[in-house]
Structures are given as C-alpha cells and as structure tokens.
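Please build the complex by placing chains L, U and X on the supplied structure of chain H, with the hints as guidance.
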Amino acid sequence: MARVKFLCDADRCIECNACVTACKNEHDVPWGINRRRVVTINDGKPGERSVSMACMHCTDAPCAAVCPVSCFYTTADGVVLHSKDLCIGCGYCFYACPFGAPQYPKVGNFGSRGKMDKCTYCAGGPEADSTPAEYAKYGQNRLAEGKLPICAEMCSTKSLLAGDGAIIAEIYKERVMKRGYGSGMWGWKTAYSDSPTG
Amino acid sequence: MARVKFLCDADRCIECNACVTACKNEHDVPWGINRRRVVTINDGKPGERSVSMACMHCTDAPCAAVCPVSCFYTTADGVVLHSKDLCIGCGYCFYACPFGAPQYPKVGNFGSRGKMDKCTYCAGGPEADSTPAEYAKYGQNRLAEGKLPICAEMCSTKSLLAGDGAIIAEIYKERVMKRGYGSGMWGWKTAYSDSPTG
Amino acid sequence: MPSVVSHLRSILAPLCLAFALMFAVAAPAAAQLSFKPTDQAVHEDKLLEALKAGEKVTGRITIPDRMAASLIQPAGREWRDFQRSMLPWIGGIAIIGMTVLLAAFLLIRGRIRIEKGFSGRTILRFASFERFMHWVTATCFIILGLSGLNISFGRSLLLPLIGPEAFSMLTHWGKLAHNYLAFPFMLGIATMFAVWVKDNIPSRMDWNWIKAGGGLLRNGQHPPAKRFNAGQKGIFWMVIIGGVLMSLSGWFLLFPYQAGDVTSLQIWTVVHAIVALLFIAGILAHIYIGSVGMEGAFDAMGTGQVDVNWAKEHHALWVEEEQAKGRTPAGAPPRGMPAE
Amino acid sequence: MPSVVSHLRSILAPLCLAFALMFAVAAPAAAQLSFKPTDQAVHEDKLLEALKAGEKVTGRITIPDRMAASLIQPAGREWRDFQRSMLPWIGGIAIIGMTVLLAAFLLIRGRIRIEKGFSGRTILRFASFERFMHWVTATCFIILGLSGLNISFGRSLLLPLIGPEAFSMLTHWGKLAHNYLAFPFMLGIATMFAVWVKDNIPSRMDWNWIKAGGGLLRNGQHPPAKRFNAGQKGIFWMVIIGGVLMSLSGWFLLFPYQAGDVTSLQIWTVVHAIVALLFIAGILAHIYIGSVGMEGAFDAMGTGQVDVNWAKEHHALWVEEEQAKGRTPAGAPPRGMPAE
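Chains as they are written, first to last, in this note's numbering: chain H, 1 to 198; chain L, 1001 to 1198; chain U, 2001 to 2340; chain X, 3001 to 3340.
Bound-form chain H, shown alone (with noise of 0.2 angstroms):
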C-alpha cells in the first residue's frame, strides 16, 4: 500500500455523524472520547458544511515533533500511531494537533490526563497485530486484516474516503471537475503540506 490519507469532501457531507458511532462501536472507544467527530460550520447559514474530522496522519505529524518522550512513529503506510506503554499523558500532542485529535480519558486532577488516545487509522497500535492486548489499547487493527478505517468504508455518502492518498485525491477531483465546484480537501494542505486540486 501506499501512503495511505484521510480525504473529507464536505460538499457531501451531510452529518449523520455515523462515521463517529463506527468508530466508537469498532474500537469500544471509552465515555468521554470520540476519536472523529463531525463539526458543521456555518450552521443553519448559506454556505453550511459538515465536516468528519479525526487524526489525518500527517506528513511531519505535530504531535510526534513535540512529544516530550518521542511515543510516535509513523508506519511503513504513513499511519501516525503511538505507544500507550511511552505516553505519560502530557497533552503536548493536543496543544499541537491542528485538529484536535488528541483526546485523554481524564480533564483535571493535577494534569494526569490518563494515556493519550486518538485515531488509528484503524491500524491498531505498537502490540503484535491483532492481538487481545493491542485491541484493549488500541482497538482494531482493521489494515492488519487488509481492511480500511471503518468510518469511510460506512460513509452513507462517500465524503469521507480513505485508502492511497494519491487515488482518494484523484476521486475528489474528478468529483469536482464533475459538479462544477468544491470547498476543498478540509485539513490536506495543513495534514500534507500538498493540494492536489490547487
């Protein structure tokens, strides 16, 4: 595979949010954290969109650069993962995150936050694959059994796409090149520092 990316066109977007209930549901994601959440801009406005957002895996990922233990690693298909063994809850990665993925089980008694989670790309974590222990932490290791994140594969609309960055961006525009218009791959230029579509 190649570099794999995350690609939100949110002129399809039409916030069902089940992008976010897959995710939760596939990972047993803990009270308190959503690994995606869905943010509408413009609510109720000319110009409204919806946006599925989560960790985008970036290029030179933010969180990895400012982790004070250097918990992050990128894999072999550009999925930014990191060890909840090495986190100690700091919430640097969070002051960094341009989207907010960073999310902690605990807010509050003397900063101890708890281990860190976020997105996965549903690659699971530093575990062996698909093993009891990488699921607890981790959830599913959905690319270990040659599936993609389970939040695009059930995207109603297909705004959210996932898989080779080269092939999602591909989609997207000729998408755009169809229907006349687009507002953008939301967060690409800031998670790739490229934008396919100019």
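It cannot be assumed that every hint is accurate.
[What the hints assert, rightly or not] Interface residues of chain U toward chain L, partial, derived using beta-carbon atoms under 8 angstroms:
no.	residue
1	Asp2065
2	Ala2068
3	Pro2256
4	Thr2303
[Claimed, not checked] Chain L is nowhere near these chain U residues, computed Cβ spacing over 10 angstroms in every case:
no.	residue
5	Thr2099
6	Glu2130
7	Met2133
8	Pro2164
9	Ala2190
10	Lys2226
11	Leu2278
Treat the hints as calculated values from the structure; they're not laboratory data. Note that beta-carbon positions come from the ideal geometry of N, C-alpha and C, so glycine has one too.
Here is chains L, U and X on its own, set in the frame of chain H:
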C-alpha cells in the same frame, strides 16, 4: 424493554448500504452471507424506493413454525433467535420466511448447506451472553450491553429504526404527518400483523 | 358601448395569451417546486395487493446473491400454512386412513389363503437379482420414508419424547441418510422399470381382473393373470410414477436453486410431501398384501420360490408359460404346513 | 395611424404587465432550479486565510465536548515551532550563557574572600524557620527545574542515553513530582514573601550599592547595606515575581481547560517555559554566590550563624541594628581557619 422491532422508512433510505457493511463488520459475517441487504425497487424509474431488509423478528414467526427441529425461540424482548447447535440446515425457514432472512454458508452438495445464519437483532444466541462461543456462532450481543442493533444505530438518514415497536412506530407516524406522505413501514404488517399508520 | 367592448377584447386577448405563456413557462418550475414524492410514492400495501399468487416484491440488489433481490415473498405464509396445517391432515388421512382400511380388510376378509393348500412343489418367481433390486429399493424406501416423516411430523411426535438435542441429532443423521439413500433408491426405481416394464404393460385381461375384484374380495374366484396381475401392475406403476415424481422433486431439493428461486423450492417441497404420503400409503397396502394379507405371497420376494398352487391360483397363465418354456416346478420337499 | 399606435399601446401595456408578473412569480422558482452550491460554497483555503493569529476554524458539534467544535487550529504549528525551534535557543542561551558567565567571573574575580578573615565570632542571620522555608522551596525548585528541563530537552539529551522505556518512566515520575511539588513550592514562595518582604523594600541605599558594583567587582569596597543588599533584594523579587508567574501559568496547566481552550494552554506553556528558563538562570547565579562565589556566605543558610566580620563587611547597618537590639554576637569558639 418492550417488544422490539425493526422499521424501514423507505422514503428516507438513500441506499448507502452502511447498514449492510456495519452488520457484516460487527458480527464478522462470512463471505456470501448477508444478514441484512438493501433492495431498490423501481430502480431508475419514478417512485424508486430502497428498503433495508433483514429478519424482522416476526410475531408468530414463520421460520419457527416450520422448523423441523424447533430450533427457534423468541426472547422476552420479542427477538427471534435460533440455536445453531440444533439447526440441521434443511432450508425450511428460508422457504417460509417472507423476507428471505435465513442464510446458509453453503449451497448445493446434496442439500447440506451448513447451519442457518440470520440477523440476531444484535442479540447473540442461546449461549451465555457476550462469550467467545456466542460471538463465534452468532456475532456480537449488543443488546446484552444495552445497545441497539448496529445497522439502525449507524443509519445515516435514520431510515432504519430499531427499538421499542411502539416508539419507533410513533416516530414514523410523526414523520408521515410532517412530510405529508409515506410509502409504508416496509414489511411491518407482514411481520407484526399490525399497521399503526393504517 | 361597442367600442368599450372592443377595447376590452383587445386588452383581454393578449392578456390571456400572456398568461397562457406564463403558465407554459412556469409550469415545470412550479412542478419542481411543488414536487411531492407522494404523487409517485410506492405504497407497500398497494404493491402487495397487486401481487399475483406466488409473486414477490422484487428489486435491484448490489450484492452477488441475486435471490436477495426479492424483498417480500408473501407466498412464504402459504407454504407455512401447507406445512403446519394441511400436511398433517394429508399425512393423517393417507397413512392412518390406509392403516385403518387394511386393518378393517384383515378383520372382514381375513388372510387370503391358498385355496388348495401348499402343494409342496415350488416354482421360481423372482430371480436373485430381482429380489436384490427389490430389497435394496425397499430398504431405501423405508429409511427415506421414516426420515421424511420425521422431518414433517417428528417435531410433534418424537421431539417431546426424546428432547431437543437427541431429536436434532437424529434428524440430522436422518437428513443425511435421506440425501444419500436417494441415489440407490433412484437407481432401484430405474432398474425395476427396466427389468419389469415388459410384464407390466396393461392389457384387456387386467380389466377383467379388476372387474372380478382380483379374487381378493371373495374366496374361490381367481381371474386369470400373466406374470403380474392388474393389482401388481398398479403397484408397479405407482412405484414408477411415484418414484419419478419423488426423484424429480427430491433432486431439486438436493441441489437447491438449480431450477429456480425459492418459489420453485416451495412447489417442489409440496409435491415431494404430497406424493410421498400417497406413496407411503400405497406401499403400506403393498406390504400388507405381500406379508400378512396373503398366504404364500411373501415367498415370492423371500426365497424367490412360490408354491405351485399359489402360482396357479394367482398367475395361471404365467405358470403355463413357464411350463411351456420347460421350466418345470422344482421337486422341493413338501413344505411344513399347518394341519388344515 | 394614431389609432394603430393607440391600439398597439393598449395591447403592449397589459402584455408588459403580464410578463412582469410572470417573472415575479417564476423568479424564485428559477433561482431554485439554477441553485449552484458553488455560489455559496465555503472554501477551506479562504477560511484559513481569513483567520487571525491564534484563531480557529470553529463550528457546531453534537457531542458534549465543546472544544471538539474547533475544526482546525493553525496555531498548533506555531506552538510546535516554539517548542522545537525557539525553546532550545532560549534554554541554551539562558542556562549555558549564565554558566559560562559565572565561570568567567570565578576565573577573573576569584572567590570573594572575607577581607578581615574569620573573626571566630558569629551572629544569627537566618532563624531556623527561615532556613527550613528556604530549603524546602529550594529543594522543590531543583526538582521542578530538573523535571521541567527533562520535559523540554530530555528527549534530545537523555532519551538516547537510557532508552525509551527508562526515559518514559523517569519522565512520568518527573511529571508527577512536578505536579505535586508545585504546591509546597507555591507555599514556600508565599511564605518567603510574607517573612522577608519587609526587609526587601527597595531604598535609596540600594542605588548606591548598585553604583558601587555591590563590592563584588573590586576588593575592599563594601557599600553599606541593611539586612539585604540590593543584589539580594534583586534575587528576592526575581523569586517572588518568577514564582508568581510560574505558579499562575502552572496552575492553568495543572487544571487544563479551566481558563479556556487550547489556545490559552498554548500561551501558558510558552509563559511557563520562558519564565522557567530565566528563573533557572537567575537561581544559578544565586547558588553560585551563596556557595563557591563568596567565602562565608553559605553559613547564612547553612547553620544560620554568619561570621561577624562577614556580616560587618556586607551588612554593616544590619549588624549595628542587631547590636542595638542587644543581640550580641555569640562567643563561639574561633573557627578553624586556613593559615592565612
């Protein structure tokens, strides 16, 4: 919980097939078996409607009536389940089911189709709740965890409803009142011998 | 006044035209705006009402299983009614009815004796291959029949006695036996047809035999018959026709969806069940007459040698034919007979 | 002709009216039909460009976590740059710079001796409570400082030496220590302020002391001072102001999201880090002068008793005040001095 039912509001279904995907994913349903499917009638013509269909968990279920080994039972919630230990894979339930719900892992070789598989309303089977044995045979037992079926939970347009029959029928009636039309609660009368919308 | 009218007309005419134009232009837009899905709505109720018997509400599906395109098949309910309501009646009348009939016959007519008693000399009626063929087919039939009856009625009759686990296992093995014994049974039917058809062509003589009641109803009356009398021919053709129907319907159940969708399977199960019950009833009569019902009859399929007196009474012409061929009765030692 | 014109007018006028009406009616319908989402499209690029510094692209969210309504916060990148690029420079200049400065000072000026040598008689400079307060705060400061430096620079300096597991565990315990020792540290700062503020009010005398270089630059020069000279007052106010800033910024990091969203946390971490580095640099100078840098100075916080000669040289007015109060120097046995 009262008598649970499924309700498919075909005027809302956008044929995204997320319910199908969610179900297959939730229960690790093998290749070739679809516990849920989306059927589109009048495809491409005026009056096109898509309906998500699975086991409706009928009142006085035909499958239970015709099973030669009486392997079906109805839970206190009104969910129709079956025991794969007792099932002999004869296919009778499929002949009697108005909704084509029963599925078989094999077709052919001298009528040995393997144990029947069908929608469990995410309620597992006769095994102890949420055990690996139950998962292997029937998939997740979400009801035991206080969750509703994943197909309806994930429905992007809330076309597919699951839950207390009285409540979801009420929701549907309100919708019909508000929008001024309704193509019917698909399969409801056939499955439950009543029709709250007349 | 006329000028006013004329003026009004000259105003109204273009106005009407303009309005007509306006509606012509605005109509599609208005239609778009006032689009009510209800106008073109598909009502499930109406769809179901419009269905003819056996039809299904069917659409398009995106999964490979084409049969899944059937959305609702109301025929399932009729099939269920057949299985749970009609079949027990058909089975009850056919099987219990035949059993009562045979019991009454035995009670009234009694066992049909060899009038002249056993001669002690026998003649070969069925060669060993014929007997082998008969018993293989018969054994298959009995197991097929019992396992079939178990599928239809075991749930009511046997399940309460032995419990679900034992019953399910029994039924599972019964199903396997049913599936695999179908093949020797079909072979047996085909072989029987090939071997015996030449002796089972109906003839005028059969009509006389039937008119005479086959000699079954009264003592001392024995209408002449060749190798098979009309009663036996009836059994033969029942077995052949019933066997073919069972094989055909069973074949489609053995290899489901080869001949069509669920509707055809529903039809074949109904055919299979009705023919099977009539078949079983018929074979019950066959078993009766070949064992308890008639003295000396069982030997034909038992040892293959029948007593000459029995043969002469029931198959006078066949004995003559055999003797003409030089096949004289074997000089067997006199059979141990009851002191009658 | 006029009649024709009049006639035409009488036709055209209502026609125009009708057309006007037609457009009035059809216009919204046409707008509906030709609706192009692109006309009102929200372009991510434009949204991002329109953002002011520190602003976020924010919308509505249906989950309870209100902070999740922030869609994109470009400020994260600036915060990252601060952490990874600026902070090492600030830290390097402040800490390494101060160390180099002190080393140079020691090299050039040498250790500042008691000119008249140890008298052997001492006077109480800091009561035991003051010393306890000082050392509790100092210990907290050292652990806070080291664990803080580890958070910022441990990844580069320590991680490669001891490996990720050991480093992560160390940093985790360091973080806990940092979080909990913050409280005694804050208490210490508050107590120091309460106890010492009356002796640290700046006065004209301090100005003279500073002009004279505090007697540090040249031997034999000792500008008069009360209990604390201007240098010590400087340390005091650095500790108080630095401590308050560290406490304030740290408090918001200890209890995140009490004071606002991620932006305020970004700001507080930056404040915390910069103040901390300057604070550490300042305290390095304090440690130097109180230990290696000046003969007899450590005793003040060590035993609490300073040599009378040291006291007279550095705090002439304070010694006079103490003697006026009747607190005479203790007749301690002559201190073991080097033979100088």
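Here is what the structure says about each hint:
1. Asp2065: Because about 7 angstroms separates aspartate 2065(U) from the closest Cβ in chain L, which is inside the 8 angstroms limit, the hint holds.
2. Ala2068: holds (5 angstroms)
3. Pro2256: The hint holds - proline 2256(U) has a Cβ within 8 angstroms of chain L, the shortest such distance being about 6 angstroms.
4. Thr2303: Interface hint status for threonine 2303(U): violated (36 angstroms vs cutoff 8 angstroms).
5. Thr2099: holds (23 angstroms)
6. Glu2130: Glutamate 2130(U) is indeed farther than 10 angstroms from all Cβ atoms of chain L, at 29 angstroms.
7. Met2133: Since the minimum Cβ distance to chain L is about 23 angstroms, methionine 2133(U) lies beyond 10 angstroms and the statement holds.
8. Pro2164: violated (6 angstroms)
9. Ala2190: holds (19 angstroms)
10. Lys2226: Holds: least Cβ distance 41 angstroms, greater than 10 angstroms.
11. Leu2278: Non-interface label on leucine 2278(U) holds, nearest chain L Cβ at 21 angstroms vs cutoff 10 angstroms.
The structure does not agree with the numbered hints 4 and 8 stated previously, though it agrees with the rest.
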